[in-house]
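Participant: Residue numbers (the numbering used here), protein chains in the order written: chain A, 1 to 242; chain B, 1 to 302.
Just so you know, the hints here were simulated from the structure itself, not pulled from any lab data. Glycine included, every Cβ here is placed at the ideal spot set by N, Cα and C. Errors might be hidden in some of the hints.
What the hints assert, rightly or not - Distance ranges between label pairs, derived from CB positions:
1. F46/A - R18/B: 45 to 55 angstroms
2. A292/B - H218/A: 19 to 29 angstroms
3. E134/A - T265/B: 34 to 44 angstroms
4. H226/A - R18/B: 53 to 63 angstroms
5. H235/A - A292/B: 54 to 64 angstroms
6. E201/B - G25/A: 36 to 46 angstroms
7. S22/B - S45/A: 55 to 65 angstroms
8. G25/A - D17/B: 27 to 37 angstroms
Claimed, not checked - Interface residues of chain A toward chain B, partial, derived using beta-carbon atoms under 10 angstroms:
9. V87
10. R99
11. V106
12. H116
13. D121
14. P126
15. L154
16. T177
To be verified - Chain A is nowhere near these chain B residues, computed Cβ spacing over 12 angstroms in every case:
17. T95
18. L99
19. R157
20. R164
21. S165
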Amino acid sequence: MSPNYLPFGAPAGENTGMVRFDRVGLSYRQAGGGHAGPEVLHDISFTLPDGMFRWLLGPSGAGKTSVLRLMYLDALPTRGSLNVLGVDVETARRTALPRLRRRIGVVFQDFRLLAHLSVFDNVALPLRIAGRPEGQIRADVTEMLRWVGLGQKLGTRPMELSGGEQQRVAIARAVITRPSLLLADEPTGNLDDAQAERLMQLFKELNRLGTTVVVATHNDALVGRHPAPALRLDHGRLVGSG
Amino acid sequence: MRPAGFDELGLRRAVADRILPSLVAAMAFLAALALSGWVGAASLARHWQEGAGAVLTVQVPHPANAAAHGGGTRLARVLGLLTGTPGIAEARALTEDELGELLRPWLGAAAERLAIPLPAVIAVRLADARTDLAPLAARLEAAAPGTLTESHGVWIRRLSVLARSLQACAGLALLLVALVAAAVIAVATRAGLVARREAIEIVHGLGATDGYIAARFAARATLLAAAGGIAGAILALPILLTLATMAAPFAGLNAPADSPSNVLTALPTPLWLALPGLPAVAAAIGFLTAQATVRRWLRRLP
Chain A
1 MSPNYLPFGA
11 PAGENTGMVR
21 FDRVGLSYRQ
31 AGGGHAGPEV
41 LHDISFTLPD
51 GMFRWLLGPS
61 GAGKTSVLRL
71 MYLDALPTRG
81 SLNVLGVDVE
91 TARRTALPRL
101 RRRIGVVFQD
111 FRLLAHLSVF
121 DNVALPLRIA
131 GRPEGQIRAD
141 VTEMLRWVGL
151 GQKLGTRPME
161 LSGGEQQRVA
171 IARAVITRPS
181 LLLADEPTGN
191 LDDAQAERLM
201 QLFKELNRLG
211 TTVVVATHND
221 ALVGRHPAPA
231 LRLDHGRLVG
241 SG
Chain B
1 MRPAGFDELG
11 LRRAVADRIL
21 PSLVAAMAFL
31 AALALSGWVG
41 AASLARHWQE
51 GAGAVLTVQV
61 PHPANAAAHG
71 GGTRLARVLG
81 LLTGTPGIAE
91 ARALTEDELG
101 ELLRPWLGAA
111 AERLAIPLPA
121 VIAVRLADAR
131 TDLAPLAARL
141 EAAAPGTLTE
151 SHGVWIRRLS
161 VLARSLQACA
171 GLALLLVALV
181 AAAVIAVATR
191 AGLVARREAI
201 EIVHGLGATD
211 GYIAARFAAR
221 ATLLAAAGGI
231 AGAILALPIL
241 LTLATMAAPF
251 AGLNAPADSP
261 SNVLTALPTP
271 LWLALPGLPA
281 VAAAIGFLTA
291 QATVRRWLRR
301 LP
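Given these sequences and hints, build the entire structure.
Facilitator: Spelled out as structure tokens, the structure:
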């Protein structure tokens, strides 16, 4: 994986990689009922300008994953206002959200690959959902997988890959659409130090090309090696920004 | 564009490919039977109404004996009275052959050779089915005592009401079968949603619309329901042919389905047209039910 030869350019579409939280609160619905549970995020307010890199830091249970879920529209705020890539999420029509999600790439700690699909089909999925022509998909996905070092494993199922290889497939899937906003939740959790370092180089290169990048981690050593502004959470509250 | 057959949600394993078509096949089989009941009842009602709505039968015992008043035989006297009565379009005495044909189902081929005194039977066609027959019956009885005047109208009306009721029952059965089929498909779709929840959430997170996800389920449900519908219609065909052959005499047909051309004519045309429609209707129910079920389920995702 060589970040010096990224197989794509700047983010596709309008580069409004801005995220704004304004006194956002979040509670999850309790399982088996419609009642809202206790609030897990309280009065979160910050603005993430275009093209920025931010660490999202805090101990386990601080609310990092919940903040990311709000950013990639997997959850909606129960109070306050949230603007992602120029769209006010709480007032937007539900039918407008899929198009917005296509402009956000997410790398999960547990990869969330589809086990019944090949590596190629996993990476091609966002492009197919977006309705891109199959010829272009074939070229883009093949090049992307060659770039992450999996050019020989296009037809392999994810379960047949190592953890590091699966992580690379997940990254390829997250960036294949050239997202305006790239989010990563503990992306180095399953990687050794060398792989983690290469991943960070990739994120920084994407950020240099204009993608807004937010990486949640509690890997202090990694943060120390790559100093950048951070959002710090504790017990569901933002305790530091910058 | 996604390639045809691309199974991103893994539905080939999640939506039962044996149980669902089997259940839909059973539903289609029942629907075919209900449909044949509908068509059959409608056909019988029409036949009875058209064929015998305005027909009167007059039986004259001892037809060759002398009439009570005036000259001539009892039969000639009754015929004369009938033809001279206003409101009667035609009165015709059945020949011995016709009488034998009528009695054949009850007395066998040698009915006319049996030493049974048979009455003469006069088939009367009324110009108006609502004609009051009581005065005519009294006049005929006076001219030839023992003469029986029998109107088919009351029975035809009763049989028609019965046939229409059977038709309504068949329609209700069809509706119920369609509802049960929809329920079966909805349950199978919900099971598929639960089984593939993680894949659905991943695809949803990558920006798939509700329509995109619902279309995958609908395509699968449509295919399986259509397969079930075809199997059910094919399974029902021999039974329908057998029933049609058995019912043919009641509908004025007597061609047994023993040759290819007779097989084609054994079933009423509306049934031949409706049978291929069963898989299409099953597919439509599959498509609409899966779409509605999935779209409703997806409302729980943001």
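Participant: A range of 53 to 63 angstroms was offered for this pair. Does it hold for the Cβ distance of H226/A and R18/B?
Facilitator: About 54 angstroms separates the Cβ atoms of H226/A and R18/B, which means 53 to 63 angstroms holds.
Participant: Lying within 34 to 44 angstroms: is that true of the beta-carbon distance E134/A to T265/B?
Facilitator: Violated - the Cβ-Cβ distance for E134/A and T265/B, about 51 angstroms, lies outside 34 to 44 angstroms.
Participant: Going by Cβ atoms only, is V106/A closer than 10 angstroms to chain B?
Facilitator: holds, 7 angstroms
Participant: Given the range 36 to 46 angstroms, decide if the beta-carbon distance of E201/B to G25/A lies inside it.
Facilitator: Distance hint for E201/B, G25/A is violated at roughly 23 angstroms.
Participant: Is the nearest Cβ of chain A still more than 12 angstroms from the Cβ of S165/B?
Facilitator: Holds, since 47 angstroms exceeds 12 angstroms.
Participant: Do the Cβ positions of G25/A and D17/B conform to the proposed distance bound of 27 to 37 angstroms?
Facilitator: violated, 45 angstroms
Participant: Should the interface hint for V87/A be scored as holding, given a Cβ-Cβ cut-off of 10 angstroms against chain B?
Facilitator: violated, 13 angstroms
Participant: Given P126/A was flagged as interface, is its beta-carbon under 10 angstroms from a beta-carbon of chain B?
Facilitator: It holds, given that the least Cβ distance between P126/A and chain B is near 5 angstroms, below 10 angstroms.
Participant: T95/B: least C-beta distance to chain A exceeds 12 angstroms?
Facilitator: holds, 79 angstroms
Participant: Do the numbers back the hint for D121/A, that is, is its least Cβ distance to chain B under 10 angstroms?
Facilitator: With a minimum Cβ separation of about 7 angstroms from chain B (threshold 10 angstroms), the hint on D121/A holds.
Participant: Between H235/A and A292/B, does the C-beta distance stay in 54 to 64 angstroms?
Facilitator: violated, 43 angstroms
Participant: Would you settle whether the hint for T177/A is holds or violated, based on the nearest Cβ-Cβ distance to chain B being less than 10 angstroms?
Facilitator: holds, 8 angstroms
Of the numbered hints stated above, those contradicted by the structure are hints 2, 3, 5, 6, 8, 9 and 15, listed in ascending order.
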